[in-house]
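Participant: From first to last, the protein sequence lines are chains Y and G.
At position 43 of the first sequence (counting the first as 1) the number is 49 in the numbering used here, and the numbers step up by one without a gap.
At position 231 of the second sequence (counting the first as 1) the number is 252 in the numbering used here, and the numbers step up by one without a gap.
Honestly, the hints are just simulated from the structure, not real lab data.
Among these hints, one or two may not hold up.
To be verified - Taking CB as the label site, the calculated pair distances span: (1) Y:R44 to G:A409: 21 to 31 Å; (2) G:A388 to Y:R44: 46 to 56 Å; (3) Y:G33 to G:D318: 42 to 52 Å; (4) G:W236 to Y:T66: 47 to 57 Å; (5) Y:A78 to G:H249: 33 to 43 Å; (6) Y:R44 to G:G48: 57 to 67 Å.
Note that the coordinates shown come from a computational prediction; the quantities given were computed from them, not determined experimentally.
Idealized CB from N, CA, C, for every residue including glycine.
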Amino acid sequence: MNAFTVDGEPLPFLPGQTLAAALVASGRVAWRTTRDGRRPRGIFCGIGVCYDCLVTVDGTGGQRACLVQARAGMAVTTGEADDE
Amino acid sequence: MSEPRDLVVVGAGPAGMAAAATALDGGLRVALVDSGAAPGGQFWRHPPLLAREAVPTADLHHGLSTYRALCATLSAHERTGRLTLLLNHHVWTTARDGDGFTVHAVDRGRAPEERAVVLRAPALLVATGAYDRQLPFPGWDLPGVLTAGGLQSLLKGGGVVAGRRVVLGGTGPFLLPVAAALAARGAKVVAVCEAAAPSAWLHHPAALLRNPAKWAEGARYAGTLARHRVPVRTRTAIVGAEGAGGRVAAVRTAALDADGRPLAGTERRIEADTVGVGWGFVPQLDLLLPLGCDLADAGDGTMAAAVDDGQRTTVPGLYTAGETCGVGGAALAVSEGRLAAVSVLTDLAAPGRPGTRRPAAERRAVARHRAFARAMAQAHPLPPAWPAWLTDDTPVCRCEEVTAGAVRSARADEAAADHRQVKQLTRAGMGWCQGRMCGPAVHCLVSARDQPYAPAERLIATPVTLGALADSVEPTSDPI
Ligand SMILES: Cc1cc2nc3c(=O)[nH]c(=O)nc-3n(C[C@H](O)[C@H](O)[C@H](O)COP(=O)(O)OP(=O)(O)OC[C@H]3O[C@@H](n4cnc5c(N)ncnc54)[C@H](O)[C@@H]3O)c2cc1C
Ligand code: FES
Numbered sequence: 007m008n009a010f011t012v013d014g015e016p017l018p019f020l021p022g023q024t025l026a027a028a029l030v031a032s033g034r035v036a037w038r039t040t041r042d043g044r045r046p047r048g049i050f051c052g053i054g055v056c057y058d059c060l061v062t063v064d065g066t067g068g069q070r071a072c073l074v075q076a077r078a079g080m081a082v083t084t085g086e087a088d089d090e
Numbered sequence: 022m023s024e025p026r027d028l029v030v031v032g033a034g035p036a037g038m039a040a041a042a043t044a045l046d047g048g049l050r051v052a053l054v055d056s057g058a059a060p061g062g063q064f065w066r067h068p069p070l071l072a073r074e075a076v077p078t079a080d081l082h083h084g085l086s087t088y089r090a091l092c093a094t095l096s097a098h099e100r101t102g103r104l105t106l107l108l109n110h111h112v113w114t115t116a117r118d119g120d121g122f123t124v125h126a127v128d129r130g131r132a133p134e135e136r137a138v139v140l141r142a143p144a145l146l147v148a149t150g151a152y153d154r155q156l157p158f159p160g161w162d163l164p165g166v167l168t169a170g171g172l173q174s175l176l177k178g179g180g181v182v183a184g185r186r187v188v189l190g191g192t193g194p195f196l197l198p199v200a201a202a203l204a205a206r207g208a209k210v211v212a213v214c215e216a217a218a219p220s221a222w223l224h225h226p227a228a229l230l231r232n233p234a235k236w237a238e239g240a241r242y243a244g245t246l247a248r249h250r251v252p253v254r255t256r257t258a259i260v261g262a263e264g265a266g267g268r269v270a271a272v273r274t275a276a277l278d279a280d281g282r283p284l285a286g287t288e289r290r291i292e293a294d295t296v297g298v299g300w301g302f303v304p305q306l307d308l309l310l311p312l313g314c315d316l317a318d319a320g321d322g323t324m325a326a327a328v329d330d331g332q333r334t335t336v337p338g339l340y341t342a343g344e345t346c347g348v349g350g351a352a353l354a355v356s357e358g359r360l361a362a363v364s365v366l367t368d369l370a371a372p373g374r375p376g377t378r379r380p381a382a383e384r385r386a387v388a389r390h391r392a393f394a395r396a397m398a399q400a401h402p403l404p405p406a407w408p409a410w411l412t413d414d415t416p417v418c419r420c421e422e423v424t425a426g427a428v429r430s431a432r433a434d435e436a437a438a439d440h441r442q443v444k445q446l447t448r449a450g451m452g453w454c455q456g457r458m459c460g461p462a463v464h465c466l467v468s469a470r471d472q473p474y475a476p477a478e479r480l481i482a483t484p485v486t487l488g489a490l491a492d493s494v495e496p497t498s499d500p501i
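So here's chain Y without its partners, still in its complex pose (with noise of 0.2 Å):
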């Protein structure tokens, strides 16, 4: 089974998947939090137009995980507010 890594756990994707697709499909709507009001987001519209999805791919911040294809061995963070 494929895997990339969520804040050091090991996530299953099936390939083709996105980032996104993989954490909805293990139960997660949620993996960030608003800037002031500290609310949860996680996806919303699902197609790279709302920026709710907002994750940090190999260290670079402000990746749509709705439209980043998973690869094996990705490490991705989240849980950060806004990025920048």
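Use these hints to put chain G with the ligands onto chain Y, whose structure you have.
Facilitator: Using the frame of chain Y, we list chain G with the ligands on its own:
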């Protein structure tokens, strides 16, 4: 450097695929660019080619024979080298360049890496589609509340069912395929809340009767929904959502009066772990607006690109097809794509090029589908009194966390009259999504009722790294 190219098509949805195929068959050299991992756009969203066995989604699709035929045509032209298919390429801006256009993209095939790619051609066809239109309600930012299209894209693109008990709400025929797909994949769809009255369709008998295929499609969804016992409640809206344990746990629904105001005493609470909402779609005009093309009222509360009967915009050499010209479904997008390509072939006509097919039949198909789309838009309006279900602390702008109360006081106290002024005063629309999610709602809250929404001009359609920017200004390699 490769041979000169005649046409760049941005967007490989139904419109862009059909346009590229027709242009290639007519002898043009084409680059087809899409940010997605597979051609198909929203309607024919698929996992990438290599993953189709691991994630089978064909059962969720309609019209796949057209899709497969288009894929076959594109592959054949890719093999001869006349088609350059650039997937995972996000176009962030386009510019006029002498007699033609420059298209700036970033290749994100190995995200988070980014590589700048610059394309040039005398003709540009923008087929970037649309995105779900949202109206906020208390609790709409809870995790587990998604756009209806988002639920569909998880299903079609990743084979993922987002929840077990789902409530859908909003307006428009699109809610039905989403409900049907979720139910077919084992989710319990406990209610579909359609704000419009069912009788609204009966006001447009001609448009409906001339489109028997749409009846058949509607009947298929109705059959699936009946089989899975999915209740469709008309004149009903989701007016609030409640969370528990960091996720949506229930929605409140209410019956609506003729204006869309919740009727006292009709409120119900329905438990659900997932909610999908959509109020039609907003044309994706990011790449068209900076090029200065005119817009026209699409008849559904949004502005779309103005085109002639050959899909030409008001900018010479710039064409657009599909939902950028107003939302109307995949069949319309395909017809418009073909028509646009015929115009490109005509306008670029050079001696020795094969003659173009007579487009009269395609024009008739476009007119018929457009009439149907207008009838649908009138049958599924935004309920004018929807702001009645907002509380002052309901977030309207999700990115900057601007509340309905703040937007209302920008209008009342500071006389903001459109979403651009509200943005200056409150920051609504200033965040990451640049107003894509809140724009239509803010527009409704402050503008005159019959004025359609036109998105703000965004100079950059997708954020790019400084490195990629620098590479585009001074390309390290020849344009491809
Ligand atoms: C999320 C979503 C799901 C939908 N699902 C369905 C459905 O299941 N059934 C149905 O009947 N209708 C569905 N629709 C309606 C759909 O819009 C149309 O039916 C149809 O897909 C429109 O075709 P199109 O070619 O005009 O645009 P689209 O299919 O939207 O294609 C546009 C393409 O342009 C690409 N693109 C956009 N901007 C850029 C850029 N800057 N750079 C590179 N590429 C770009 C996109 O990746 C996309 O592939 C959905 C709409 C949305 C928003
Ligand atoms: S979910 Fe909207 S951008 Fe990813």
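Participant: Next step is simple, just say for each hint if it's right about the structure.
Facilitator: Cross-check of the supplied hints:
no.	hint	result
1	Y:R44 to G:A409: 21 to 31 Å	holds (29 Å)
2	G:A388 to Y:R44: 46 to 56 Å	holds (52 Å)
3	Y:G33 to G:D318: 42 to 52 Å	holds (43 Å)
4	G:W236 to Y:T66: 47 to 57 Å	holds (49 Å)
5	Y:A78 to G:H249: 33 to 43 Å	holds (36 Å)
6	Y:R44 to G:G48: 57 to 67 Å	holds (58 Å)
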